[in-house]
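Throw the hints in and build the complete structure from the sequences for me.
Counting in the working numbering, the sequence shown runs from 19 upward without gaps.
There could be a bad hint or two in this list.
As the list claims (entries may be wrong) - Here are the simulated DSS-like cross-link-like pairs (lysine-lysine), alpha carbons at most 25 Å apart as the crow flies:
hint, residue 1, residue 2
1, K180, K202
2, K374, K238
3, K374, K202
4, K238, K202
5, K451, K401
6, K228, K244
7, K491, K401
8, K291, K202
9, K430, K450
10, K401, K374
11, K374, K407
12, K326, K252
13, K238, K228
14, K487, K450
15, K407, K430
16, K463, K450
17, K259, K238
18, K326, K407
19, K463, K407
20, K462, K451
21, K202, K25
22, K276, K291
23, K259, K180
24, K491, K462
25, K26, K180
26, K252, K291
27, K259, K228
28, K462, K430
29, K180, K148
30, K259, K326
31, K491, K450
32, K451, K430
33, K462, K450
34, K487, K374
35, K401, K462
36, K252, K276
37, K326, K180
Simulated from the structure, these hints should not be mistaken for lab results.
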Amino acid sequence: MPAAFIKKCAELLRVGRPIEERLRDFTNLVGLFAPGARASVLLFDRESDDFFLRATNLRLPPNHPELQFGARGTVAALALQEGRPLTLSEVNRTGGAQGRAEMMFLPLKFGGDPIGVLAVESASPNGLLKDRSDALVEAASLVSDMVGSSLREESTTLRMTKIAAINEAGVNIISTLDLGRLLKLVATTAGLIMEAESCVIRLFDAQTGKFAIREFQGMKAENEQKELFRMDTKAVTLLLKGAPSVLVRDVGEDTGWKEFAGLARTMISLPLKNGDDVIGTLSVFDKFPLKTFYPASFGIEDLSTFEKFARYCEKAVANAMTFERNEKLKSLDELTGLPTLRYFQDRLLHEISRAKRFRRRLVLMICEVSPRLEGGDPVSPSKGDAIVKRMSNVIRLALREYDILARISDRKFAMLLPEAEDGKTSAIPRIKKAILTDVEEMRKKTRGISVDVRFGHASFPEDGDDHEKLIFKSNLLKM
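Below, the structure written as structure tokens:
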């Protein structure tokens, strides 16, 4: 009987079917070999230190969530750690006992590495006889070989699938130049590839000097998001101090992260670099593999996979940031930081349309600055640029917050004053006075240089009801 059982085990484990089907048939066969026995194959995850129920002859609903539990302190973990079968047998039975309860925990190892445990629970009149116990030990050895080779193949296939997904996603990511759309794509793709519940992306903000959150993907409630961002801030701080990556396998077990226990179980955070400069960070939280009910832990292999994905992301983000900066420069004057003629023309049409719709007045004002030497010769380009830059600051301070100022040529500034109900009586003279006062100060402090300023202005609707008439009238410049 034991020999037939071993032969049958070897046959069904060799059949080319999915590992779940072979293990389920094996546990059913154990139940027939040891009548009434409950057999389960528990696979061990070294990264999370958890056991996962991979197959059992217990009655479970189809497509049930994968069951897992911590290995620490269990009899199954002891059997696996010491590499020997453990048998728990009932002692001190009463005289009227009709059966003997026993449990066997048989370690499963492949190539010296622990992969799981075969747990067998039985109740029989005389307990499991030695020949049957020995047969179960031999059967566990057969299962070890089959499961070990299948898991290795499964792991390789999964890794290659993820790498293929990263390469495919990388093409779309790198070809996306719109930064906002890119960040949404990166966050969504990171969650899918890493099987993560949440993803946080930060980018460096040159104005504030901080790494601001630019994208979040996840199911956390608003109050939990704030705590998750605080957890991410801690990881980002470590990255900025030089850590190449941050991997937290179990928040509750890591002394440095226990304050976040209950918020997330695990996380990976990586820097996004452009050369040697850190331009952002990418973080994922909580790993939920397919069919699992509780979060698993990210491990070294996950970190390696995520690093490959991050290399695509940092190239794409650097390209998109450069593209965004170049687009802004097309509409901004490099010397003064003011909008250029192209932007101003579009804005003028918009403001005229708005003034017509709401029946409001609009003032277009032109200011031409002509720096020259006292003899009449033009100043050097560097001195001319310095004067133009100074004048741009003076004009900016003289305008209201919602007025529009642009540099439309080397020496010309254009101003749009929306809703200027009293434009001719107060706004224009006030602006002129501010500019001329500063010009007078420059004349006093700068010897040998004179600055001529000419102005022109036009009002909507008095001086014209379209942009051509307003531009023509405002370009009639006077001292």
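So, going through the hints one by one against the coordinates:
no.: 1; hint: K180 / K202; in the structure: holds, 19 Å
no.: 2; hint: K374 / K238; in the structure: violated, 47 Å
no.: 3; hint: K374 / K202; in the structure: violated, 39 Å
no.: 4; hint: K238 / K202; in the structure: holds, 17 Å
no.: 5; hint: K451 / K401; in the structure: holds, 23 Å
no.: 6; hint: K228 / K244; in the structure: holds, 17 Å
no.: 7; hint: K491 / K401; in the structure: violated, 31 Å
no.: 8; hint: K291 / K202; in the structure: holds, 19 Å
no.: 9; hint: K430 / K450; in the structure: holds, 14 Å
no.: 10; hint: K401 / K374; in the structure: violated, 42 Å
no.: 11; hint: K374 / K407; in the structure: violated, 34 Å
no.: 12; hint: K326 / K252; in the structure: holds, 23 Å
no.: 13; hint: K238 / K228; in the structure: holds, 24 Å
no.: 14; hint: K487 / K450; in the structure: holds, 22 Å
no.: 15; hint: K407 / K430; in the structure: holds, 12 Å
no.: 16; hint: K463 / K450; in the structure: holds, 20 Å
no.: 17; hint: K259 / K238; in the structure: violated, 28 Å
no.: 18; hint: K326 / K407; in the structure: violated, 46 Å
no.: 19; hint: K463 / K407; in the structure: holds, 17 Å
no.: 20; hint: K462 / K451; in the structure: holds, 17 Å
no.: 21; hint: K202 / K25; in the structure: violated, 55 Å
no.: 22; hint: K276 / K291; in the structure: violated, 29 Å
no.: 23; hint: K259 / K180; in the structure: violated, 30 Å
no.: 24; hint: K491 / K462; in the structure: violated, 33 Å
no.: 25; hint: K26 / K180; in the structure: violated, 36 Å
no.: 26; hint: K252 / K291; in the structure: holds, 19 Å
no.: 27; hint: K259 / K228; in the structure: holds, 14 Å
no.: 28; hint: K462 / K430; in the structure: holds, 23 Å
no.: 29; hint: K180 / K148; in the structure: violated, 47 Å
no.: 30; hint: K259 / K326; in the structure: holds, 22 Å
no.: 31; hint: K491 / K450; in the structure: holds, 17 Å
no.: 32; hint: K451 / K430; in the structure: holds, 17 Å
no.: 33; hint: K462 / K450; in the structure: holds, 19 Å
no.: 34; hint: K487 / K374; in the structure: holds, 15 Å
no.: 35; hint: K401 / K462; in the structure: holds, 16 Å
no.: 36; hint: K252 / K276; in the structure: holds, 12 Å
no.: 37; hint: K326 / K180; in the structure: holds, 10 Å
In this structure, the hints that do not hold are numbers 2, 3, 7, 10, 11, 17, 18, 21, 22, 23, 24, 25, 29, in rising order.
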